[in-house]
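S.K.: First to last, the protein sequences are chains A and B.
Here the working numbering is used: the first residue of the first sequence is 1, the next is one more, and so on.
Here the working numbering is used: the first residue of the second sequence is 1, the next is one more, and so on.
Think of the hints as simulated: they come from the structure by calculation, not from any bench.
Here the structure is a predicted model, which is why all the values come from computation and not from measurement.
Take the hints with a grain of salt, since some may be wrong.
Calculated lysine to aspartate or glutamate pairs in the DMTMM-like style (CA-CA distance at most 25 Å, straight line) [claimed, not checked]: (1) Lys135(A) - Asp242(B); (2) Lys264(B) - Glu103(A); (3) Lys264(B) - Asp136(A); (4) Lys135(A) - Glu409(B); (5) Lys361(B) - Asp420(B); (6) Lys264(B) - Glu71(A); (7) Lys264(B) - Glu58(A).
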Amino acid sequence: MFNRKILFALAIIMMLGLLTACGGKKDVEDDPTAAGDAGETTETLPVEPVAEPEPVPEVITPDYAAMAPAEYGVEDVFFAFDQYELDDVTMGVLSRNARVLRETDVTVLVSGHCDERGTIEYNLALGEKRAKAVKDYLVSLGVPAGRLQITSYGESKPFAMGSSEAAWAQNRRAHFERP
Amino acid sequence: MKQSLILPLLLVLVLPAVPATAQRSTEVQLGTTAEAWAKTPILVNMLDVLSGGMQAVEAADLVQEVLVSDLGLSGLFLPAMRDVEGDTLEYEFAIEGSVEGPLRDAELTGEDAPTVLNLNLVTWPGRQLLLNKRYRPLPHQQRTSAHHFADQVIEMLAGEPGICLTRVVFSRGAGDRRDLYVVDYDSEGLMRLTANRTLNLCPSWSPDGSRIAFTSYRQSGQQGLFGLDTSNGKVDLIIAVDGLNLGADWHPNGEELLVSLSHKGDPEIYRIRPDGTIIKRLTVSSAIEISPSWSPGGRDLVFTSDRTGTPQLYIIDSDGAGRRRLTFEGRYNDSAVWSPGGDRIAYATREGNFTQIVVMKATGENRRVLTDGRWRNAEDPSWARDGRHLVFASDRTGVFKLYVCDVLEMTFRQLTFGDDPDITPAWSR
């Protein structure tokens with residue numbers, strides 16, 4: 001006949017055994033190499049393969065020279081009819097553009113454009129004034145002049161077709177492009 | 001946008017000088033639009049085919065057609081292909097002649113052989129010989145032979161330079177690509193001159209027609225002034241300073257050009273050599289100075305300056321001295337071209353949103369608007385060597401096309417066709 005108390009004692013012992021096993025410790029009572037290390041294990045456990053830690057990502061510089069300036073935050077600006085002055089909105093956009101350009105070393109081409117009204121030649125000259133006004137302002141904001149090329153297409157390379165006020169407004173611009 | 005039309009009575013128009021032998025047209029036909037000017041009736045008879053097969057007959061027909069067309073387009077003649085009985089016109093002159101074709105057609109021999117073309121200008125009906133020419137054109141040269149003879153007839157009978165051998169170079173295309181094309185003055189023989197995938201604009205003929213200077217763009221997007229050799233199509237660089245290299249005009253001696261360059265800060269007029277070296281800077285101001293055009297003798301030039309705030313026309317001499325303002329009407333005047341006779345200047349004036357062609361005397365008087373609101377925009381005028389015809393670009397149909405105006409008669413004809421915009425024409429000298 002099983003004595004319940006004996007069973008109980010056995011259970012305790014087994015649990016203790018499990019606990020010590022879970023603790024990753026073997027019986028070390030009489031291991032001579034463990035002398036002096038109170039409770040510390042020196043066994044070599046089976047090593048589970050642990051993944052290499054993720055490398056810290058390098059900062060990768062985008063290849064600005066291969067991108068259209070609009071893709072990295074350099075936006076076109078627009079002008080009033082027959083004018084090449086920069087209004088407040090334009091100066092705001094150019095300030096942002098300047099910040100981007102200062103942080104890169106890319107060279108951009110600023111091309112001046114006009115709407116279709118007027119003559120081919122005078123519009124080429126007006127387009128150049130628009131491009132120059134933009135360049136001068138960017139230089140005053142610290143963009144090196146050597147990284148800003150300018151040209152003018154006058155009315156001959158429009159962005160919007162048609163003869164509406166909306167199309168004309170689209171075409172009176174300084175455009176940033178890859179040289 | 002109708003302009004108030006200045007009555008023809010105010011025009012100072014001169015009948016073309018006609019030698020005594022060619023006067024006395026007996027009938028003046030009144031047109032329904034402008035007044036008709038007295039024109040000389042002339043017969044252009046069918047040419048005799050002395051030998052040869054179909055090629056010779058076709059040559060004879062072609063030459064007769066071209067002669068009739070040339071004489072009509074000059075504005076000086078009333079040509080007809082036969083003297084119809086009951087015709088009210090009395091012809092005083094006739095062209096007749098003969099064609100001797102190759103005895104064996106090209107289909108048989110496999111190559112083109114020349115046709116002998118014998119052309120005579122005679123009095124009519126007396127048939128007194130006034131002019132004889134003999135040509136040996138290959139098939140593709142037959143038009144040219146006919147044009148050559150028509151020029152001779154015009155110069156002999158009317159005392160005026162003929163334009164039958166002239167051509168118009170222009171810029172065709174849109175968006176990223178505009179190429180130079182050339183067309184005969186009668187709309188035939190269209191040829192493409194450039195195919196460099198960029199914008200090619202504002203061409204200008206050298207006086208002998210051997211070169212065309214024009215503005216184009218290099219790989220970097222920078223402008224340059226280039227020269228095209230019309231004998232072989234080769235293009236080389238004339239000058240490419242920073243900024244604009246624009247609006248060339250060849251000096252009558254063919255050894256220098258006027259050009260607008262902006263590398264010193266804003267566009268100024270310079271005289272340069274065809275090799276790109278600068279002879280002299282003619283304008284000094286912080287204004288835009290562009291669109292130069294020599295007087296026919298090369299002593300003066302007219303150009304555009306916006307020193308008063310908007311573009312206006314000025315005249316200076318070849319040293320840049322003697323500046324005087326020419327235009328006082330209109331806020332925006334540009335694209336001036338001096339007529340071959342030196343007496344008139346044509347230009348473009350912008351009023352509101354639209355641009356029109358104006359002709360005036362070189363003194364600034366007798367300003368006359370050639371194109372009214374029906375033309376929508378009319379820009380880029382260029383004179384023919386006869387000082388009577390003018391080519392310009394207009395988008396009256398919705399796309400820019402080239403048109404020729406007979407400035408005396410105020411008649412117009414379309415020069416180029418098709419769907420692509422044609423701009424900045426230049427008429428060869």
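S.K.: Each hint needs a verdict: does it hold in this structure or not?
M.R.: Hint check results:
no.: 1; hint: Lys135(A) - Asp242(B); in the structure: 14 Å, holds
no.: 2; hint: Lys264(B) - Glu103(A); in the structure: 30 Å, violated
no.: 3; hint: Lys264(B) - Asp136(A); in the structure: 15 Å, holds
no.: 4; hint: Lys135(A) - Glu409(B); in the structure: 50 Å, violated
no.: 5; hint: Lys361(B) - Asp420(B); in the structure: 34 Å, violated
no.: 6; hint: Lys264(B) - Glu71(A); in the structure: 33 Å, violated
no.: 7; hint: Lys264(B) - Glu58(A); in the structure: 46 Å, violated
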